[in-house]
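Student: Spelled out, the chains give:
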Amino acid sequence: MKPRETNPNFMNGVPELLILGLLQQEEMYGYEIVQAISSRTDAVIAFGEGVVYPVLHGLEQEGALKSRRRTVNGRSRIYYSSTRMGTRRLTALTDNWTKLTAAIREMLTGGERREAIR
Amino acid sequence: VRPFAELRERLLRAGVAPRYVRRYLTELADHWDDLVAQKEYGGCSRANAEASALIRLGKVDDLAQAMLRQRRFQSWCTRAPWAMFGVAPVFALAGIYLVACLILWSGWNIFLPGTDSPFTRLHGLAILYFGVGRLMYLGAPVFVGWGICALAARQRFNLLWPTMGFVLIALVGVTARIHTTPPIVPNGIGHVSMNFAFQSSSLAHATLNLLLIILPYLIWLSYRARRTVSG
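Read top to bottom, the protein sequences are chains W and P.
Going by this note's numbering, 8 is the number at position 8 of the first sequence; the sequence numbering is gapless.
Going by this note's numbering, 1005 is the number at position 5 of the second sequence; the sequence numbering is gapless.
Hints were generated in silico from the structure; no laboratory data involved.
Treat the hints loosely; a few may be bogus.
If you want the footprint, here are the derived chain W segments under chain P, 3+ residues with CB under 8 Å [stated by the list, open to error]:
| no. | stretch |
| --- | --- |
| 1 | 36 to 49 |
| 2 | 57 to 64 |
| 3 | 69 to 78 |
Here are the computed lysine to any residue pairs in the SDA-like style, where the Cα-Cα straight-line distance is at most 25 Å [claimed, not checked]:
| no. | chain 1 | residue 1 | chain 2 | residue 2 |
| --- | --- | --- | --- | --- |
| 4 | P | LYS1039 | W | TYR79 |
| 5 | P | LYS1039 | W | THR71 |
| 6 | P | LYS1039 | W | ARG75 |
| 7 | P | LYS1059 | P | GLU1040 |
| 8 | P | LYS1059 | W | LEU17 |
| 9 | P | LYS1059 | W | ALA46 |
| 10 | P | LYS1039 | W | SER76 |
| 11 | P | LYS1059 | P | GLN1070 |
| 12 | W | LYS66 | P | ARG1023 |
| 13 | W | LYS66 | P | ASP1030 |
| 14 | P | LYS1039 | W | MET28 |
| 15 | P | LYS1059 | P | ALA1037 |
| 16 | W | LYS99 | W | ARG84 |
| 17 | P | LYS1039 | W | GLN35 |
| 18 | W | LYS66 | W | VAL14 |
| 19 | P | LYS1039 | W | GLU32 |
| 20 | W | LYS66 | P | ARG1069 |
| 21 | P | LYS1039 | P | THR1026 |
| 22 | P | LYS1039 | W | ARG70 |
| 23 | P | LYS1059 | W | SER38 |
| 24 | P | LYS1059 | W | GLN35 |
| 25 | W | LYS66 | P | TRP1076 |
| 26 | W | LYS66 | P | ALA1017 |
| 27 | P | LYS1059 | W | ILE45 |
| 28 | P | LYS1059 | W | TYR31 |
Glycine is no exception: its CB is placed at the ideal position from the N, C-alpha and C atoms.
Based on the provided sequences and hints, a complete structural model is requested.
Tutor: As structure tokens, this is what we get:
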């Protein structure tokens, strides 16, 4: 079977943003988080699904997430939810990301304008 | 069989703390089960479902790198091997010696009050009580050495740092001597003290300790090597 195409730059700060955003609304376990990211981004963001766990563990260690073991339908799973620190971290990440995307958009549209002037 | 043995070995050898490796693999295994179940539900055969689940989880390289990028998951043995295999064992040895001295001193006061020395003929419960202290005193270097073995084996360490720990513990162990001072006043309390000095027999004793300490580790290394070859 052919390996899936992934975009490794996904790992540069974006997973934290997506995970913290998702976990603001409800607690989820790893598989659910990956499925939610995939469906809400129309599978534009592709990555090896297993790499989500080190990100979750890192955020938990920083205090941005907390976890608990729950048994649902006979399966024991680790559910993650956001903490207050997680909410603050999400706000900071969202601000950064918004500024970054605005700057990139500005640059791209500015580039188009220059092309039009020529 | 869930296919994470290679990842586990790789993470442990790279110095990731075993507790983080265990948790990572547990969650990966759960995720893998979910992916396989989802594929089987969609009509895939078991073999195809498993192969597809592996691809979706990611390559071993990517899974390992995701963990290794974060230094906070590294074990203390990797971050400070000098402390874990040099300083900590000496403190552990000192702790065991302290407890052994306390047992000797308390046993002297409980079972042999008024006597000039606790090193005398014992009866009944005193044999057991002093026996525990004696075992701790004599066995301390070996117990601590086995602790180092367990730590090194658990984290797939090579021989360098553990061997330094073994030698240090064996040497400190054979220089330790317990002394007792009789009570100054009649029916008073005697004193128990320790000192550390080399004697003519120390080197032979240290070699014996070293062999006792290192033997389980060598057996484990050989077992692991055989398992790697056969696996």
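Student: Look at each hint and say if it fits the structure.
Tutor: Hint check results:
A stretch counts as covered by a chain when three or more of its residues have a beta carbon under 8 Å from one of that chain; for the stretch 36 to 49 of chain W and chain P the count is 3, and the coverage holds. A count of 3 residues in the stretch 57 to 64 of chain W with a Cβ less than 8 Å from any Cβ of chain P is obtained; the coverage claim is therefore met, three being the minimum. With a threshold of 8 Å between beta carbons, the proposed coverage of the stretch 69 to 78 of chain W by chain P holds, since 3 of its residues qualify and at least three are required. Proposed proximity of LYS1039(P) and TYR79(W) is supported: the alpha carbons are some 23 Å apart, at most 25 Å.
The hinted pair formed by LYS1039(P) and THR71(W) meets the criterion: a straight-line CA distance of about 22 Å does not exceed 25 Å. Pair hint LYS1039(P) plus ARG75(W) holds up; C-alpha atoms about 18 Å apart against a cutoff of 25 Å. Taking the CA atoms of LYS1059(P) and GLU1040(P), the gap is near 21 Å; set against the 25 Å cutoff, the hint holds. At most 25 Å may separate the alpha-carbon atoms for a hinted pair to count; LYS1059(P) and LEU17(W) meet this at roughly 23 Å.
At roughly 13 Å between alpha-carbon atoms, LYS1059(P) and ALA46(W) fall within 25 Å of each other, so this suggested pair holds. Restraint check for LYS1039(P) and SER76(W): satisfied, since their Cα atoms lie roughly 20 Å apart, inside the 25 Å limit. Note on LYS1059(P) and GLN1070(P): the hinted pairing holds, with a Cα-Cα distance of about 18 Å set against a maximum of 25 Å. Annotation: proposed proximity of LYS66(W) to ARG1023(P) holds, straight-line Cα distance about 15 Å (limit 25 Å).
This hinted pair checks out: LYS66(W) and ASP1030(P) have alpha carbons roughly 19 Å apart, not beyond 25 Å. Of the supplied pair hints, the one linking LYS1039(P) and MET28(W) holds, its CA atoms being roughly 21 Å apart against a limit of 25 Å. Of the pairs offered as hints, the one joining LYS1059(P) and ALA1037(P) holds, with about 20 Å between alpha carbons and a cut-off of 25 Å not exceeded. For the proposed pair LYS99(W) and ARG84(W), the alpha carbon gap of about 23 Å is at most 25 Å, so the pair holds.
In summary, the hint linking LYS1039(P) to GLN35(W) is supported, as the alpha carbons are separated by about 14 Å, within the 25 Å threshold. This hinted pair checks out: LYS66(W) and VAL14(W) have alpha carbons roughly 19 Å apart, not beyond 25 Å. Straight-line distance between C-alpha atoms of LYS1039(P) and GLU32(W) comes to about 15 Å, which keeps the hinted pair within the 25 Å bound. Proposed proximity of LYS66(W) and ARG1069(P) is supported: the alpha carbons are some 21 Å apart, at most 25 Å.
The hinted pair formed by LYS1039(P) and THR1026(P) meets the criterion: a straight-line CA distance of about 20 Å does not exceed 25 Å. Restraint check for LYS1039(P) and ARG70(W): the C-alpha separation of about 24 Å stays at or below 25 Å, so the hint holds. A distance of roughly 18 Å separates the Cα atoms of LYS1059(P) and SER38(W); the hinted pair therefore holds under the 25 Å criterion. Distance check on the hinted pair: LYS1059(P) and GLN35(W) sit about 19 Å apart at the alpha-carbon level, within 25 Å; holds.
For the given pair, LYS66(W) sits about 23 Å from TRP1076(P) by alpha-carbon distance, which is consistent with the 25 Å threshold. Straight-line distance between C-alpha atoms of LYS66(W) and ALA1017(P) comes to about 20 Å, which keeps the hinted pair within the 25 Å bound. About 17 Å separates the Cα atoms of LYS1059(P) and ILE45(W), which keeps this hinted pair within 25 Å; it holds. Restraint check: the Cα-Cα separation between LYS1059(P) and TYR31(W) comes to about 17 Å, which is no more than 25 Å; the hinted pair holds.
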